[in-house]
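S.K.: Residues per chain are reported as follows:
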Amino acid sequence: MTPTMHSDHSQLRPMPVNIVVAHALEAKALIPMLQLKALQTDSGYSEYANANGLRLIVSDIGKEAVSRAVSSLAHAQSNDAGQISAWLNIGIAGHASAAIGSAWLAHKITDQRSGRSAYPPQLIEGLASCSIITVDEPEQDYALEAVYDMEAAAFYEAASKQATAELVQLFKIVSDNLINPVEEIDLKSVPLWIARQDSQILLLVDKLAELAASYNSRQYVPRVYYDICSLTHLTVNEKLQLRRLCQRYRALGREDELADINLLAKNHTKKLLSILSSAIDQPPALK
Amino acid sequence: MFSAIYIEEEVLESDRAQRLLDRFPHLPHVVCDRYGEVFNRKSQDFRLQKKSPALILAKKYGNKVLPAPDGYGYNESRSYYFSHMLNCVYDCRYCFLQGMYSSANYVLFVNYEDFETALDEKIRLNNGGGVYYSGYDCDSLALEPVSHFCKQFVPLFLKYPDAELEIRTKSTQIRCLLEQEPVSNCVIAMSFTPADIAARLEHKVPSIEKRIEALYKLQQSGWKVAIRFEPLLKSDAGVAAYEELFTQLFSKLDAQKLHSVSSGLFRMPIDFYKRIAKLYPDDELYAQATQIEKGMISLKNDEESSQLAAMERLLFKHISVQQYYRCA
Chain A
1 MTPTMHSDHS
11 QLRPMPVNIV
21 VAHALEAKAL
31 IPMLQLKALQ
41 TDSGYSEYAN
51 ANGLRLIVSD
61 IGKEAVSRAV
71 SSLAHAQSND
81 AGQISAWLNI
91 GIAGHASAAI
101 GSAWLAHKIT
111 DQRSGRSAYP
121 PQLIEGLASC
131 SIITVDEPEQ
141 DYALEAVYDM
151 EAAAFYEAAS
161 KQATAELVQL
171 FKIVSDNLIN
181 PVEEIDLKSV
191 PLWIARQDSQ
201 ILLLVDKLAE
211 LAASYNSRQY
221 VPRVYYDICS
231 LTHLTVNEKL
241 QLRRLCQRYR
251 ALGREDELAD
261 INLLAKNHTK
271 KLLSILSSAI
281 DQPPALK
Chain B
288 MFSAIYIEEE
298 VLESDRAQRL
308 LDRFPHLPHV
318 VCDRYGEVFN
328 RKSQDFRLQK
338 KSPALILAKK
348 YGNKVLPAPD
358 GYGYNESRSY
368 YFSHMLNCVY
378 DCRYCFLQGM
388 YSSANYVLFV
398 NYEDFETALD
408 EKIRLNNGGG
418 VYYSGYDCDS
428 LALEPVSHFC
438 KQFVPLFLKY
448 PDAELEIRTK
458 STQIRCLLEQ
468 EPVSNCVIAM
478 SFTPADIAAR
488 LEHKVPSIEK
498 RIEALYKLQQ
508 SGWKVAIRFE
518 PLLKSDAGVA
528 AYEELFTQLF
538 SKLDAQKLHS
548 VSSGLFRMPI
558 DFYKRIAKLY
568 PDDELYAQAT
578 QIEKGMISLK
588 NDEESSQLAA
598 MERLLFKHIS
608 VQQYYRCA
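Quick note, the sequences are listed as chains A and B, same order.
Reading the first sequence from the start, the letters are residues 1 to 287 in our numbering.
Reading the second sequence from the start, the letters are residues 288 to 615 in our numbering.
These are calculated hints, taken from the structure and not from any lab test.
Predicted, not measured: the structure shown is a model, and the values here were computed from it.
Any given hint might turn out to be false.
In silico BS3-like cross-links for lysine-lysine, where the CA-CA straight-line distance does not exceed 27 Å [to be verified]:
hint, chain 1, residue 1, chain 2, residue 2
1, B, Lys329, A, Lys207
2, B, Lys329, A, Lys161
3, A, Lys271, B, Lys561
4, A, Lys161, B, Lys565
5, B, Lys338, B, Lys561
6, B, Lys337, A, Lys161
7, A, Lys239, B, Lys561
8, A, Lys207, B, Lys338
9, B, Lys587, A, Lys239
10, B, Lys338, A, Lys161
So here's chain A without its partners, still in its complex pose (with noise of 0.2 Å):
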């Protein structure tokens, strides 16, 4: 049987995790794989998501096309809390010697174009990885001991901007090589090449969403922090001050010190922020 999502994970876990793919065929195995439901969006893009949050783009093929729908992806989930997620890129690629449907963790990408190389950070081990060179038409040669795609440079550059780069990664499985060339790609093996991943896949999410989870988890802001912003218009610097106040609040263990301030919020809102800041500076109160 397969693995999924549903018999190997807890359904509810949050899983900060953004998939772009290129092709509709690449997303076809991981639909059931992830257990994916279209949304209805007004994006232009098809796109999916499960119950735990893990999103799916299907960008189209290129650097322009994966970069415009990163863009699109990224704006729609942006928000106040400082929360991201984690961005995969998974899809089929060349290589010169590679088996048909082996798979590979970026370590390196290059642009073949501009010559510029990027190194996503290696935090999740048991994937073998590889260099990726990014062409701007499909690869014949397969020159260097590299996958060869058509979008991997362009994704990290627009992800890498929407995430700590350690939660960019890319994933590529090989669907032609020189043996096996890239104009007779057997357009319906792709999904069958991709659910052949799925453990490889499944980790892959799973560790990502970890770690995103992780950084999210120190962006927490307690809940005071938003109710004080909805009560009252506090300009971008006040509301950065607060939400630091909040926080070291939070850190020494003096949450509940903030549970009047809503009150003090209402009618004196210029002197809150001093007196959340001078009052973090003394002693907490003996009860």
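Using the hints, position chain B against chain A.
M.R.: For chain B alone, coordinates are given in the frame of chain A:
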């Protein structure tokens, strides 16, 4: 030990790099042009990277032996530091390196011979003298089995009896030192904080007992050892925590033979502090009240002077005043 090894193309064929790559054949070996492509890039997260750091093998260009920051050293001699490595295998919450770099990967500069040449030149410029610190941007001993730093650099100081090498560490990787004859102008300086602070803030660091044992073995073998109480932080138990630590240390070590003992307060450049506070908004250390003086940030503590004096009184029960200095 590492998640991957990145290698600058320029050092790829060097013996030192090849030995390291051969030692870790199963890790991804990724070739880059310059280590700056991988290390300390924007949009990197120190805290996430610390979960699984990579090793970067690089060549150090430019100045390799730099003037030590004011107040770093223990005497009036001119003092310098050199860093064959950037970043530390330990994870001490108070460490300024978290604010200095956005990357937790370890950079190992493998052109040791260039460092040796630079040290030779600097020592000669100082008429054979000066104090040379290793362990400012890293823990010099912690990665010894991989770096062979001591094996390479300690013997260099045999040529310069008036110069002094201080190796600052929290590591118990002392085999390389025990396997060679003591070098009289080389000091192994071990840092300590009281047990409750160590448990709370010094992650992945060998226990106090193991560090004392390592110092004891070094002292017994004839090596000069020193103790650094840095940073001094307020313990829940007050100065009693320091008293307990001193008892532990001086019941094992020969206090009279200690090269030196120093203390230093928790302080760092404002920018570093802000970056670390962002990384650890949930950490009590970075939620405390602070004060700023001369561009440095420190914890606000109205009783700091009296606590420091009390700590020093306890310390002087074990060592002489002449053995002690305060780091600025």
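S.K.: If a hint holds in the structure, say so; if it doesn't, say that too.
M.R.: Each hint tested on the structure:
no. : hint                 : verdict
1   : B:Lys329 to A:Lys207 : holds (22 Å)
2   : B:Lys329 to A:Lys161 : holds (10 Å)
3   : A:Lys271 to B:Lys561 : holds (24 Å)
4   : A:Lys161 to B:Lys565 : holds (18 Å)
5   : B:Lys338 to B:Lys561 : holds (21 Å)
6   : B:Lys337 to A:Lys161 : holds (21 Å)
7   : A:Lys239 to B:Lys561 : holds (17 Å)
8   : A:Lys207 to B:Lys338 : holds (12 Å)
9   : B:Lys587 to A:Lys239 : holds (24 Å)
10  : B:Lys338 to A:Lys161 : holds (22 Å)
Going down the numbered hints, you'll see the structure goes against none, and every one checks out.
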